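Chains as they are written, first to last, in this note's numbering: chain A, 2 to 118; chain B, 310 to 419.
Since the hints were made in silico from the structure, they are not lab data. Among these hints, one or two may not hold up.
[To be verified] Only part of the chain B face toward chain A is listed, based on derived beta-carbon distances under 10 Å:
{"id": "1", "residue": "Ala318"}
{"id": "2", "residue": "Ser337"}
{"id": "3", "residue": "Asn341"}
{"id": "4", "residue": "Asn402"}
{"id": "5", "residue": "Ser414"}
Model, not experiment: these values are computed from the prediction. Beta carbons: idealized from backbone N, C-alpha and C, even for Gly.
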Amino acid sequence: GAVVSQHPSWVICKSGTSVKIECRSLDFQATTMFWYRQFPKQSLMLMATSNEGSKATYEQGVEKDKFLINHASLTLSTLTVTSAHPEDSSFYICSARDPQPTNEKLFFGSGTQLSVL
Amino acid sequence: KQEVTQIPAALSVPEGENLVLNCSFTDSAIYNLQWFRQDPGKGLTSLLLIQSSQREQTSGRLNASLDKSSGRSTLYIAASQPGDSATYLCALNTGNQFYFGTGTSLTVIP
C-alpha cells in the first residue's frame with residue numbers, strides 16, 4: 002500500500018518557538034492531505050485539509066495563523082506550529098488519500114508528539 | 310452532520326477469544342468505511358476498507374461488515390492474540406470528509 006512518512010516523530014521545544022512538521026507521500030502523489038490533532042485517549046480531530054497549490058481549508062476553531070499549512074508539492078505538506086505554547090502540546094498526525102479514485106483509502110503518517118515546555 | 314460512535318470504549322479479553330468491535334453512524338450516505346489500528350504513540354494503520362456497495366471484507370483473522378441501513382459496522386477478530394492489543398478506530402468517508410469514531414481500546418490478556 003501507499004506510504005506516508007511523517008517527521009519528526011517527537012519534538013520538545015521551548016515556549017515561543019516555532020515547530021515544523023513534515024508529511025510526505027513516498028510512492029504516490031497526494032493532491033490532498035489532512036492534518037489531525039489527537040489528545041490522549043481521544044479520537045482524531047481534523048484541523049485542516051491541505052490542498053496542493055492552494056490555501057488550506059481549516060476547521061472551525063482552528064487558528065490559521067497559529068497552525069500554518071503549506072502544500073507546495075504533490076508529495077509534501079508541512080504544518081508549522083507558530084509561537085508554540087504548552088497548550089499546543091499534543092500528538093499531530095497527517096494523512097493522505099490513495100490516489101486511485103475508486104479506492105479512496107486513507108493512509109497515515111506515524112505521528113508527531115509535540116511537547117512544549 | 311455525521312456522528313460516529315464506537316462501543317465499547319475499552320475491552321479486555323483472554324487470549325484466543327473471538328471478539329466483535331462495533332461502529333455506529335447516523336447518516337447512511339457514505340462512500341466507504343475504513344477500520345484502523347493505532348498503537349500507543351503511533352499513527353494509524355489501515356486494516357480493512359469496505360466500499361459502500363459491499364457488505365463485508367476479510368483479511369486473515371479480521372472480518373469487517375457493513376450495514377448501511379442500520380448504520381452499523383462491525384470488526385470481528387478471531388482467535389485474539391496479545392499482539393492485537395491496540396486502539397481500533399473506524400472512519401467513514403462521505404466523499405467530502407472523513408469522520409472518525411471514538412475508538413475501542415482492546416487488551417488481549419495472555
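Comparing the hints with the structure gives:
Proximity of Ala318(B) to chain A holds as hinted, the smallest CB-CB distance being about 9 Å (cut-off 10 Å). Checking Ser337(B) against chain A by beta carbon gives a least distance of about 17 Å; that is not within 10 Å, so the hint is violated. The interface hint given for Asn341(B) holds, since its Cβ lies 6 Å from the closest Cβ of chain A, which is under the 10 Å cut-off. Taken as an interface hint, Asn402(B) checks out: its beta carbon lies about 6 Å from the nearest beta carbon of chain A, inside 10 Å.
Interface hint status for Ser414(B): upheld, as the beta-carbon distance to the closest one in chain A is roughly 8 Å, under 10 Å.
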